[in-house]
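Read in order, the letters of the sequence shown are residues 29 to 392 in the working numbering.
Don't take each hint at face value.
Pair by pair, the computed Cβ-Cβ distance ranges are [stated by the list, open to error]: (1) Pro-188 to Ala-239: 32 to 40 Å; (2) Pro-59 to Arg-112: 12 to 20 Å; (3) Pro-361 to Met-29: 30 to 38 Å; (4) Ala-377 to Arg-351: 22 to 30 Å; (5) Arg-351 to Leu-373: 18 to 26 Å; (6) Asp-315 to Leu-37: 16 to 24 Å; (7) Arg-185 to Ala-239: 51 to 59 Å; (8) Ala-263 to Ala-80: 27 to 35 Å; (9) Thr-218 to Gly-181: 48 to 56 Å; (10) Arg-144 to Arg-328: 39 to 47 Å; (11) Pro-363 to Phe-110: 34 to 42 Å.
What the hints contain is simulated information worked out from the structure, not anything from laboratory work. C-beta: ideal position from N, C-alpha, C; glycine also.
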Amino acid sequence: MGWIGQTDLDYAGFDPAGLARGSAGFGLPDPNAILPVGSLVVEAHLAARPGASQPVLRYQRHDAWARKLRVALQPDGTVSVFQRQGLARFEASLTMVRPPIETFLRITFSWDAPKRAALLTVEIPGQDLIYQAEAAAPLPMPLADIREIVLNGPAVRIGPDTRFVAFSDKIEPVGLPLGVLGGTPVETPTGPRPIEHLQPGDLVVTLAGRARPVRWLARRDVPALGRFRPVRLRAPYFGLTRDVLCAPDHRVVVTGAEAEYQLGEPAVLVEAAHLADGRSVCRERPDSPVLSYFHVLLERHECLGHCGAWTESLFVGAIGQARDVLKTTALAPLPYAAIPRHRQLALPALGEIQARALAHSMSA
(Lines of atoms letter the chains of each structure in order from A and count residues from 1; the text may use other names and numbers.)
(Lines give C-alpha, C1' and ligand atoms only; values in the text may rest on other atoms or scores of the structure.)
Protein backbone atom coordinates (compact mmCIF):
# COMPACT_ATOMS: atom_id res chain seq x y z
CA MET A 1 0.00 0.00 0.00
CA GLY A 2 2.30 2.77 1.19
CA TRP A 3 1.21 6.07 2.73
CA ILE A 4 -1.64 5.71 5.22
CA GLY A 5 -1.58 8.97 7.17
CA GLN A 6 -0.25 12.50 6.76
CA THR A 7 -0.77 16.05 7.96
CA ASP A 8 0.74 19.50 7.46
CA LEU A 9 -1.68 21.09 9.97
CA ASP A 10 -3.71 22.34 7.00
CA TYR A 11 -4.55 19.08 5.25
CA ALA A 12 -4.87 15.74 7.05
CA GLY A 13 -5.62 12.27 5.73
CA PHE A 14 -5.72 8.80 7.28
CA ASP A 15 -6.70 5.51 5.67
CA PRO A 16 -5.21 2.17 6.79
CA ALA A 17 -5.97 0.82 3.30
CA GLY A 18 -3.78 3.51 1.70
CA LEU A 19 -4.21 7.19 0.87
CA ALA A 20 -3.31 6.56 -2.78
CA ARG A 21 -6.85 5.22 -3.28
CA GLY A 22 -8.02 8.82 -3.01
CA SER A 23 -9.72 8.37 0.37
CA ALA A 24 -9.12 10.84 3.15
CA GLY A 25 -11.43 9.32 5.69
CA PHE A 26 -10.75 9.09 9.39
CA GLY A 27 -12.50 5.89 10.33
CA LEU A 28 -11.46 4.27 13.59
CA PRO A 29 -9.14 1.32 13.04
CA ASP A 30 -9.31 -1.86 15.07
CA PRO A 31 -8.16 -0.65 18.52
CA ASN A 32 -5.73 -3.58 18.69
CA ALA A 33 -4.31 -3.17 15.17
CA ILE A 34 -0.59 -2.42 14.91
CA LEU A 35 1.85 -1.50 12.19
CA PRO A 36 4.75 -3.96 12.57
CA VAL A 37 6.62 -2.47 9.59
CA GLY A 38 6.52 1.15 8.52
CA SER A 39 8.08 4.57 8.13
CA LEU A 40 7.57 7.91 9.80
CA VAL A 41 8.69 10.93 7.77
CA VAL A 42 8.89 14.42 9.23
CA GLU A 43 10.01 17.56 7.45
CA ALA A 44 11.08 20.50 9.58
CA HIS A 45 12.60 23.93 9.27
CA LEU A 46 15.99 23.85 10.94
CA ALA A 47 16.22 27.14 12.79
CA ALA A 48 19.51 28.91 13.39
CA ARG A 49 19.24 28.50 17.16
CA PRO A 50 22.31 26.46 18.08
CA GLY A 51 21.72 26.98 21.80
CA ALA A 52 18.16 25.69 21.89
CA SER A 53 16.53 22.32 21.28
CA GLN A 54 13.73 22.03 18.73
CA PRO A 55 10.67 19.90 19.51
CA VAL A 56 9.68 18.11 16.33
CA LEU A 57 6.89 15.72 17.36
CA ARG A 58 5.59 14.47 20.70
CA TYR A 59 2.75 12.06 21.43
CA GLN A 60 1.91 10.74 24.90
CA ARG A 61 -1.08 8.89 26.36
CA HIS A 62 -1.81 7.10 29.60
CA ASP A 63 -5.43 5.97 29.19
CA ALA A 64 -5.47 2.18 28.74
CA TRP A 65 -1.68 1.80 28.82
CA ALA A 66 1.29 4.14 28.54
CA ARG A 67 2.41 5.09 25.02
CA LYS A 68 4.89 7.70 23.95
CA LEU A 69 6.56 8.79 20.74
CA ARG A 70 9.02 11.66 20.66
CA VAL A 71 11.12 13.07 17.83
CA ALA A 72 13.52 15.81 18.90
CA LEU A 73 16.47 17.84 17.66
CA GLN A 74 19.09 18.84 20.23
CA PRO A 75 21.38 21.90 20.13
CA ASP A 76 24.44 19.80 19.26
CA GLY A 77 22.72 18.39 16.16
CA THR A 78 21.54 15.14 17.73
CA VAL A 79 18.29 13.85 16.26
CA SER A 80 16.49 11.23 18.36
CA VAL A 81 13.39 9.06 18.19
CA PHE A 82 12.06 7.66 21.46
CA GLN A 83 9.23 5.12 21.87
CA ARG A 84 7.54 3.78 24.97
CA GLN A 85 4.72 1.22 25.09
CA GLY A 86 3.93 -0.03 28.54
CA LEU A 87 7.24 -1.19 30.03
CA ALA A 88 8.93 -1.50 26.62
CA ARG A 89 11.22 1.31 25.47
CA PHE A 90 13.21 2.06 22.33
CA GLU A 91 15.49 4.88 21.24
CA ALA A 92 17.45 5.69 18.09
CA SER A 93 19.68 8.71 17.63
CA LEU A 94 22.37 10.20 15.44
CA THR A 95 24.39 13.40 15.54
CA MET A 96 24.74 15.49 12.41
CA VAL A 97 26.91 18.50 11.70
CA ARG A 98 24.41 21.24 12.31
CA PRO A 99 24.39 23.74 9.41
CA PRO A 100 25.26 27.32 10.39
CA ILE A 101 22.29 28.71 8.47
CA GLU A 102 18.56 28.11 8.51
CA THR A 103 17.54 25.28 6.23
CA PHE A 104 15.16 22.32 5.95
CA LEU A 105 15.73 18.77 7.04
CA ARG A 106 13.83 15.56 6.49
CA ILE A 107 13.78 12.87 9.18
CA THR A 108 12.82 9.33 8.21
CA PHE A 109 12.41 6.68 10.88
CA SER A 110 11.78 3.20 9.46
CA TRP A 111 11.11 0.12 11.55
CA ASP A 112 10.69 -3.60 11.05
CA ALA A 113 9.64 -4.97 14.43
CA PRO A 114 9.59 -8.67 13.37
CA LYS A 115 13.19 -8.33 12.17
CA ARG A 116 14.10 -6.20 15.23
CA ALA A 117 15.67 -3.59 12.93
CA ALA A 118 15.24 0.17 12.59
CA LEU A 119 16.92 2.93 10.59
CA LEU A 120 17.02 6.64 11.36
CA THR A 121 17.87 8.90 8.41
CA VAL A 122 18.33 12.66 8.34
CA GLU A 123 18.57 14.46 5.00
CA ILE A 124 19.38 18.11 4.36
CA PRO A 125 18.08 18.33 0.78
CA GLY A 126 19.53 21.71 -0.15
CA GLN A 127 23.05 20.55 0.78
CA ASP A 128 22.94 16.94 -0.45
CA LEU A 129 23.76 15.71 3.05
CA ILE A 130 22.49 12.44 4.48
CA TYR A 131 23.11 10.86 7.88
CA GLN A 132 22.01 7.38 8.96
CA ALA A 133 22.07 5.24 12.09
CA GLU A 134 20.79 1.72 12.67
CA ALA A 135 19.07 0.60 15.86
CA ALA A 136 17.70 -2.67 17.22
CA ALA A 137 14.35 -3.79 18.62
CA PRO A 138 11.94 -1.01 17.54
CA LEU A 139 8.34 -1.15 18.75
CA PRO A 140 5.40 -1.61 16.34
CA MET A 141 3.14 1.43 16.03
CA PRO A 142 -0.55 1.10 17.03
CA LEU A 143 -2.76 2.33 14.17
CA ALA A 144 -4.95 4.19 16.66
CA ASP A 145 -1.91 6.23 17.72
CA ILE A 146 -1.03 7.03 14.11
CA ARG A 147 -4.57 8.26 13.54
CA GLU A 148 -4.40 10.45 16.64
CA ILE A 149 -1.07 11.96 15.54
CA VAL A 150 -2.34 12.68 12.03
CA LEU A 151 -5.45 14.36 13.45
CA ASN A 152 -3.25 16.41 15.80
CA GLY A 153 -5.35 15.37 18.78
CA PRO A 154 -4.96 16.63 22.36
CA ALA A 155 -2.21 14.08 23.12
CA VAL A 156 -0.09 15.41 20.23
CA ARG A 157 2.39 18.27 20.17
CA ILE A 158 3.73 19.08 16.71
CA GLY A 159 6.65 21.50 16.88
CA PRO A 160 6.26 25.02 15.48
CA ASP A 161 9.04 24.39 12.96
CA THR A 162 7.58 21.07 11.75
CA ARG A 163 6.15 21.28 8.23
CA PHE A 164 4.53 17.86 7.87
CA VAL A 165 4.24 14.41 9.43
CA ALA A 166 3.51 11.29 7.36
CA PHE A 167 3.26 7.53 7.98
CA SER A 168 3.71 4.63 5.58
CA ASP A 169 3.19 0.92 6.11
CA LYS A 170 6.40 0.18 4.17
CA ILE A 171 10.11 0.82 4.54
CA GLU A 172 10.30 3.94 2.39
CA PRO A 173 13.44 4.71 0.36
CA VAL A 174 15.47 7.81 1.18
CA GLY A 175 18.03 9.98 -0.57
CA LEU A 176 18.49 10.81 -4.28
CA PRO A 177 16.46 13.40 -6.21
CA LEU A 178 12.88 12.61 -7.21
CA GLY A 179 12.65 13.63 -10.89
CA VAL A 180 9.39 14.30 -12.75
CA LEU A 181 5.82 13.19 -12.13
CA GLY A 182 4.36 10.18 -13.89
CA GLY A 183 2.82 10.97 -17.24
CA THR A 184 5.67 13.26 -18.29
CA PRO A 185 6.81 12.42 -21.85
CA VAL A 186 10.49 11.64 -22.48
CA GLU A 187 12.04 11.94 -25.92
CA THR A 188 13.16 8.63 -27.45
CA PRO A 189 14.43 7.77 -30.97
CA THR A 190 10.88 6.66 -31.85
CA GLY A 191 9.12 9.67 -30.34
CA PRO A 192 7.97 10.78 -26.88
CA ARG A 193 6.93 8.14 -24.33
CA PRO A 194 5.47 8.56 -20.83
CA ILE A 195 8.37 8.22 -18.43
CA GLU A 196 6.71 5.44 -16.42
CA HIS A 197 6.60 3.25 -19.56
CA LEU A 198 10.37 3.16 -19.94
CA GLN A 199 12.21 -0.07 -19.19
CA PRO A 200 15.92 -0.82 -18.66
CA GLY A 201 17.56 -1.05 -22.07
CA ASP A 202 15.14 1.36 -23.78
CA LEU A 203 16.80 4.25 -25.58
CA VAL A 204 16.29 7.92 -24.72
CA VAL A 205 17.55 10.98 -26.59
CA THR A 206 19.95 13.30 -24.78
CA LEU A 207 20.64 17.01 -25.24
CA ALA A 208 23.83 16.08 -27.08
CA GLY A 209 21.68 14.32 -29.70
CA ARG A 210 22.75 10.82 -28.71
CA ALA A 211 20.57 7.81 -27.94
CA ARG A 212 21.44 6.31 -24.56
CA PRO A 213 20.12 3.12 -22.93
CA VAL A 214 18.18 3.39 -19.68
CA ARG A 215 20.03 1.69 -16.83
CA TRP A 216 17.15 1.92 -14.35
CA LEU A 217 13.89 3.77 -13.79
CA ALA A 218 13.73 4.93 -10.19
CA ARG A 219 10.23 5.41 -8.80
CA ARG A 220 9.20 6.97 -5.52
CA ASP A 221 5.70 7.45 -4.14
CA VAL A 222 5.71 10.32 -1.66
CA PRO A 223 3.18 12.43 0.28
CA ALA A 224 2.13 15.59 -1.56
CA LEU A 225 3.43 17.80 1.24
CA GLY A 226 6.35 20.09 2.02
CA ARG A 227 9.31 19.80 -0.30
CA PHE A 228 7.76 16.79 -1.97
CA ARG A 229 5.21 19.08 -3.62
CA PRO A 230 5.98 19.59 -7.31
CA VAL A 231 6.60 22.77 -9.23
CA ARG A 232 5.01 23.44 -12.60
CA LEU A 233 7.20 24.39 -15.56
CA ARG A 234 4.79 26.32 -17.74
CA ALA A 235 4.59 26.38 -21.52
CA PRO A 236 5.79 28.14 -23.63
CA TYR A 237 8.74 28.97 -21.34
CA PHE A 238 11.91 26.84 -21.68
CA GLY A 239 10.65 25.78 -25.13
CA LEU A 240 7.81 23.76 -23.63
CA THR A 241 4.83 22.71 -25.74
CA ARG A 242 2.93 21.71 -22.58
CA ASP A 243 3.36 22.09 -18.83
CA VAL A 244 5.63 19.71 -16.95
CA LEU A 245 5.47 18.89 -13.23
CA CYS A 246 8.72 18.04 -11.46
CA ALA A 247 10.26 17.93 -8.00
CA PRO A 248 11.52 21.25 -6.57
CA ASP A 249 15.15 20.08 -6.65
CA HIS A 250 14.94 18.74 -10.21
CA ARG A 251 17.45 20.61 -12.36
CA VAL A 252 16.29 22.28 -15.56
CA VAL A 253 18.48 23.32 -18.49
CA VAL A 254 18.44 27.10 -18.96
CA THR A 255 19.93 28.61 -22.11
CA GLY A 256 19.88 32.02 -23.72
CA ALA A 257 21.46 35.42 -23.54
CA GLU A 258 20.96 35.79 -19.78
CA ALA A 259 22.93 32.65 -18.97
CA GLU A 260 25.65 33.57 -21.46
CA TYR A 261 25.91 37.17 -20.27
CA GLN A 262 25.79 36.56 -16.49
CA LEU A 263 27.68 33.31 -16.25
CA GLY A 264 29.65 32.91 -19.45
CA GLU A 265 27.97 29.56 -20.13
CA PRO A 266 25.67 28.77 -23.06
CA ALA A 267 23.64 26.37 -20.90
CA VAL A 268 23.37 25.75 -17.17
CA LEU A 269 21.40 23.54 -14.78
CA VAL A 270 19.10 25.24 -12.29
CA GLU A 271 16.88 23.68 -9.62
CA ALA A 272 13.26 24.21 -10.59
CA ALA A 273 12.33 25.75 -7.22
CA HIS A 274 14.97 28.46 -7.69
CA LEU A 275 13.24 29.52 -10.92
CA ALA A 276 9.82 29.94 -9.32
CA ASP A 277 8.54 33.37 -10.29
CA GLY A 278 4.79 32.74 -10.38
CA ARG A 279 4.80 32.98 -14.16
CA SER A 280 7.19 30.57 -15.91
CA VAL A 281 7.58 28.31 -12.86
CA CYS A 282 4.85 27.98 -10.22
CA ARG A 283 4.60 26.02 -7.01
CA GLU A 284 1.84 23.44 -7.23
CA ARG A 285 -0.59 22.04 -4.69
CA PRO A 286 -1.81 18.78 -6.24
CA ASP A 287 -5.21 17.26 -5.60
CA SER A 288 -3.83 13.78 -4.91
CA PRO A 289 -2.44 13.08 -1.40
CA VAL A 290 0.28 10.81 -2.88
CA LEU A 291 2.57 11.58 -5.83
CA SER A 292 4.55 9.22 -8.06
CA TYR A 293 7.91 10.58 -9.23
CA PHE A 294 10.18 8.92 -11.79
CA HIS A 295 13.86 9.46 -12.58
CA VAL A 296 15.87 7.92 -15.43
CA LEU A 297 19.30 6.52 -14.55
CA LEU A 298 21.89 6.50 -17.34
CA GLU A 299 25.51 5.43 -17.45
CA ARG A 300 26.50 9.10 -17.44
CA HIS A 301 24.68 12.15 -16.18
CA GLU A 302 22.82 13.56 -19.19
CA CYS A 303 19.91 15.88 -20.02
CA LEU A 304 16.64 14.47 -21.35
CA GLY A 305 13.91 16.07 -23.43
CA HIS A 306 10.40 16.68 -22.10
CA CYS A 307 7.93 18.41 -24.44
CA GLY A 308 10.57 20.77 -25.80
CA ALA A 309 12.43 21.45 -22.54
CA TRP A 310 15.50 19.64 -21.19
CA THR A 311 16.07 18.45 -17.63
CA GLU A 312 18.62 16.23 -15.95
CA SER A 313 18.77 12.47 -15.66
CA LEU A 314 19.36 10.94 -12.23
CA PHE A 315 22.67 12.03 -10.70
CA VAL A 316 23.95 9.48 -8.20
CA GLY A 317 26.84 11.60 -6.96
CA ALA A 318 28.50 10.97 -3.60
CA ILE A 319 25.84 8.46 -2.51
CA GLY A 320 27.30 6.11 -5.11
CA GLN A 321 30.37 5.70 -2.89
CA ALA A 322 28.29 4.72 0.16
CA ARG A 323 27.17 1.13 -0.31
CA ASP A 324 25.08 0.97 2.85
CA VAL A 325 23.27 4.20 1.97
CA LEU A 326 22.56 3.02 -1.58
CA LYS A 327 20.74 0.00 -0.14
CA THR A 328 18.20 2.38 1.42
CA THR A 329 17.48 4.34 -1.78
CA ALA A 330 15.25 3.73 -4.79
CA LEU A 331 18.27 2.05 -6.44
CA ALA A 332 18.27 -0.76 -3.86
CA PRO A 333 17.01 -3.41 -6.36
CA LEU A 334 20.13 -2.89 -8.50
CA PRO A 335 23.33 -4.81 -7.75
CA TYR A 336 25.92 -2.47 -6.31
CA ALA A 337 28.31 -3.13 -9.20
CA ALA A 338 25.61 -2.15 -11.73
CA ILE A 339 25.13 1.36 -10.31
CA PRO A 340 27.19 3.95 -12.21
CA ARG A 341 29.48 6.28 -10.29
CA HIS A 342 28.60 9.77 -11.50
CA ARG A 343 31.40 12.20 -10.74
CA GLN A 344 30.51 15.09 -13.03
CA LEU A 345 27.30 16.88 -13.98
CA ALA A 346 26.37 17.15 -17.64
CA LEU A 347 26.38 20.98 -17.39
CA PRO A 348 27.47 23.55 -14.81
CA ALA A 349 24.93 23.80 -11.98
CA LEU A 350 24.03 27.07 -10.28
CA GLY A 351 23.72 27.60 -6.54
CA GLU A 352 20.64 29.27 -5.12
CA ILE A 353 21.94 32.86 -5.16
CA GLN A 354 23.17 32.62 -8.76
CA ALA A 355 19.99 30.83 -9.80
CA ARG A 356 17.67 33.44 -8.33
CA ALA A 357 19.67 36.24 -9.92
CA LEU A 358 19.37 34.50 -13.27
CA ALA A 359 15.64 33.92 -12.77
CA HIS A 360 15.17 37.61 -11.91
CA SER A 361 16.95 38.75 -15.05
CA MET A 362 14.92 36.31 -17.16
CA SER A 363 11.63 37.63 -15.81
CA ALA A 364 12.59 41.33 -16.00
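Exercise for the section: Starting from the hint 22 to 30 Å, judge whether the C-beta atoms of Ala-377 and Arg-351 obey it. Expected result: 25 Å, holds
Handout entry: Outcome of range test on Cβ distance (Arg-144, Arg-328; 39 to 47 Å)
Key = For Arg-144 and Arg-328 the Cβ distance comes to about 41 Å; the hint holds.
Practice task
Take a look at whether the Cβ-Cβ distance between Asp-315 and Leu-37 falls inside 16 to 24 Å.
Solution key: Holds: the Cβ-Cβ distance is about 19 Å, inside 16 to 24 Å.
Exercise for the section: State, for the Cβ atoms of Pro-59 and Arg-112, whether the hinted interval 12 to 20 Å holds or is violated. Expected result: 19 Å, holds
Handout entry: Beta-carbon spacing of Pro-363 to Phe-110 - inside the hinted bounds 34 to 42 Å or not
Key = 36 Å, holds
Practice task
Could you tell me whether the CB distance from Pro-361 to Met-29 stays inside 30 to 38 Å?
Solution key: Since the Cβ atoms of Pro-361 and Met-29 sit about 19 Å apart, the hinted range of 30 to 38 Å is violated.
Exercise for the section: Could you tell me whether the CB distance from Ala-263 to Ala-80 stays inside 27 to 35 Å? Expected result: For Ala-263 and Ala-80 the Cβ distance comes to about 46 Å; the hint is violated.
Practice task
Hint says 51 to 59 Å; check whether the CB-CB distance for Arg-185 and Ala-239 agrees.
Solution key: 55 Å, holds
Practice task
With 48 to 56 Å as the target window, see if Thr-218 and Gly-181 comply at their CB atoms.
Solution key: Between Thr-218 and Gly-181, where Cβ atoms are some 54 Å apart, the hint holds.
Practice task
With respect to the beta-carbon atoms only, verify the hint that Arg-351 and Leu-373 lie 18 to 26 Å apart.
Solution key: 22 Å, holds
Handout entry: Beta-carbon spacing of Pro-188 to Ala-239 - inside the hinted bounds 32 to 40 Å or not
Key = 51 Å, violated
Violated hints for the displayed structure, listed by number in ascending order: 1, 3, 8.
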